[in-house]
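Protein chains in written order, with my numbering: chain E, 1 to 80; chain W, 1 to 80; chain X, 1 to 138; chain H, 1 to 138.
Hints are computed from structural coordinates only; laboratory data are not their basis.
Note that beta-carbon positions come from the ideal geometry of N, C-alpha and C, so glycine has one too.
Worth double-checking, as some hints may not be accurate.
Sample of chain X residues at the chain W side, in silico, Cβ under 8 Å [as the list claims (entries may be wrong)]: (1) Gly24; (2) Gly33; (3) Glu50; (4) Met55; (5) Gly72; (6) Ile112; (7) Pro120; (8) Trp122; (9) Lys123; (10) Gly130; (11) Trp133; (12) Val134; (13) Ser135; (14) His137.
The lines below spell out each chain.
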Amino acid sequence: MEIQIIAFGIAKDIINGKKVTLSLTDEHTVGEARRKLSSEFPDFSKLASLKFAVNANYVEDNHLLTADDEVVLIPPVSGG
Amino acid sequence: MEIQIIAFGIAKDIINGKKVTLSLTDEHTVGEARRKLSSEFPDFSKLASLKFAVNANYVEDNHLLTADDEVVLIPPVSGG
Amino acid sequence: MKDIFITEDQLDAKACTEAVTYPGAGGLVVFIGTVRNLTKGRSVKHLEFEAYEPMALKEMAKIANEATNKWGLHKMVIHHRLGLVPIEEEAVVIACSSAHRKEAFEACEYAIDTLKETVPIWKKEVFEDGEVWVSAHP
Amino acid sequence: MKDIFITEDQLDAKACTEAVTYPGAGGLVVFIGTVRNLTKGRSVKHLEFEAYEPMALKEMAKIANEATNKWGLHKMVIHHRLGLVPIEEEAVVIACSSAHRKEAFEACEYAIDTLKETVPIWKKEVFEDGEVWVSAHP
Numbered sequence: 001m002e003i004q005i006i007a008f009g010i011a012k013d014i015i016n017g018k019k020v021t022l023s024l025t026d027e028h029t030v031g032e033a034r035r036k037l038s039s040e041f042p043d044f045s046k047l048a049s050l051k052f053a054v055n056a057n058y059v060e061d062n063h064l065l066t067a068d069d070e071v072v073l074i075p076p077v078s079g080g
Numbered sequence: 001m002e003i004q005i006i007a008f009g010i011a012k013d014i015i016n017g018k019k020v021t022l023s024l025t026d027e028h029t030v031g032e033a034r035r036k037l038s039s040e041f042p043d044f045s046k047l048a049s050l051k052f053a054v055n056a057n058y059v060e061d062n063h064l065l066t067a068d069d070e071v072v073l074i075p076p077v078s079g080g
Numbered sequence: 001m002k003d004i005f006i007t008e009d010q011l012d013a014k015a016c017t018e019a020v021t022y023p024g025a026g027g028l029v030v031f032i033g034t035v036r037n038l039t040k041g042r043s044v045k046h047l048e049f050e051a052y053e054p055m056a057l058k059e060m061a062k063i064a065n066e067a068t069n070k071w072g073l074h075k076m077v078i079h080h081r082l083g084l085v086p087i088e089e090e091a092v093v094i095a096c097s098s099a100h101r102k103e104a105f106e107a108c109e110y111a112i113d114t115l116k117e118t119v120p121i122w123k124k125e126v127f128e129d130g131e132v133w134v135s136a137h138p
Numbered sequence: 001m002k003d004i005f006i007t008e009d010q011l012d013a014k015a016c017t018e019a020v021t022y023p024g025a026g027g028l029v030v031f032i033g034t035v036r037n038l039t040k041g042r043s044v045k046h047l048e049f050e051a052y053e054p055m056a057l058k059e060m061a062k063i064a065n066e067a068t069n070k071w072g073l074h075k076m077v078i079h080h081r082l083g084l085v086p087i088e089e090e091a092v093v094i095a096c097s098s099a100h101r102k103e104a105f106e107a108c109e110y111a112i113d114t115l116k117e118t119v120p121i122w123k124k125e126v127f128e129d130g131e132v133w134v135s136a137h138p
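Looking at chain E on its own, in the form it has when it is part of the complex:
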């Protein structure tokens, strides 16, 4: 399954763009997306944290993804 992931903040710098497409071949979870992403872009491991949001909600690594989901990378937030 192809998943498009949207990046904000430093995540944009790491993927060098606003979006990245990943191929999920195993369990189609956020955890699989995280592993694929980290292996493709090792700089993610340097961040203080990296969360995922699906359809504007924080999700855990066991969350199942579908092709229609809006998947967003949430590096450490710093509003205020």
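Take the given structure of chain E and dock chains W, X and H to it, following the hints.
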């Protein structure tokens, strides 16, 4: 010694005016003024508290008064 | 603008906020005490404030200085209104700023708590059928 | 005025304050986060904010609702600015009101603390010689 005392808030209502003059005959302290005042105006004993200020500073009952002092009755404050 | 101020005019919370703003500020905290329309279920028409002014200003300055020193603030401003204050209008404004927000929150709360204990200002609640000096009796 | 709002324009702390004022208010507390000119001793030119907007608005509304319920507030308003924000200007304004001031202080501090942890907004500090996404690295 004659001492003029200035009243604010409910203290004005109790003495029915802005100022009252007391005759201090004993130790000339705030404590003596307090006793004379309470005996003349028993309603002071109903207040939650009654402090004295001399020349714009809070003072204790053992504070010695002089005729030139500005003596002010401070019933419970309620600013803000 | 005066940092410590007592007036019969309307207070200006915006001016107080601007007065504490500075390039090194990480957080500004502003407390505004407004006149409530109800006290113990009884409907209030308006409040009337009076002060022993020279001492009130002195005690307000003491609070601002103590808070500024204790919490390392950039600045604290305290403005209090006197006379008749209608419902919803500001009776007191306390604004402060510091490099970090936690200090500004603590200092601002300390200031209003202490003002209500030590500053010689008195508030009379005026009802349709009478009036009461607030906190006078136990 | 919207209670929960994200904008590229200047924030209006006065409007936020007025929005939470009501006749039953005993205390209004306003937090204003301004842009600091120094970070770790390094001189900041300005900040740049970006947000994942639909989720940021949702998380801000969640904070306002939780705070309103937990502390029995009358109302909480949260406005956040995006884009380039110069030194001394407001990046965030949080205003709330309740019958008693202690609740308003606690709720306002909770709101800014939580906003900084959960709301998907990112801040880049721009220096003369580079730029840094704040808090990105440990």
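Cross-check of the supplied hints:
1. Gly24: violated, 29 Å
2. Gly33: Holds. Min distance 5 Å.
3. Glu50: Constraint on X/Glu50 satisfied, holds at 6 Å.
4. Met55: holds, 4 Å
5. Gly72: Because about 24 Å separates X/Gly72 from the closest Cβ in chain W, which is outside the 8 Å limit, the hint is violated.
6. Ile112: Holds, about 6 Å.
7. Pro120: holds, 5 Å
8. Trp122: holds, 3 Å
9. Lys123: Hint on X/Lys123: holds, closest Cβ of chain W at ~4 Å, below 8 Å.
10. Gly130: violated, 12 Å
11. Trp133: holds, 4 Å
12. Val134: Hint holds; X/Val134 Cβ to chain W Cβ min 4 Å, cut 8 Å.
13. Ser135: At 4 Å from the nearest chain W Cβ, X/Ser135 passes the 8 Å test, so the hint holds.
14. His137: At about 6 Å, which falls below the 8 Å cut-off, the nearest Cβ of chain W leaves the hint on X/His137 intact, so it holds.
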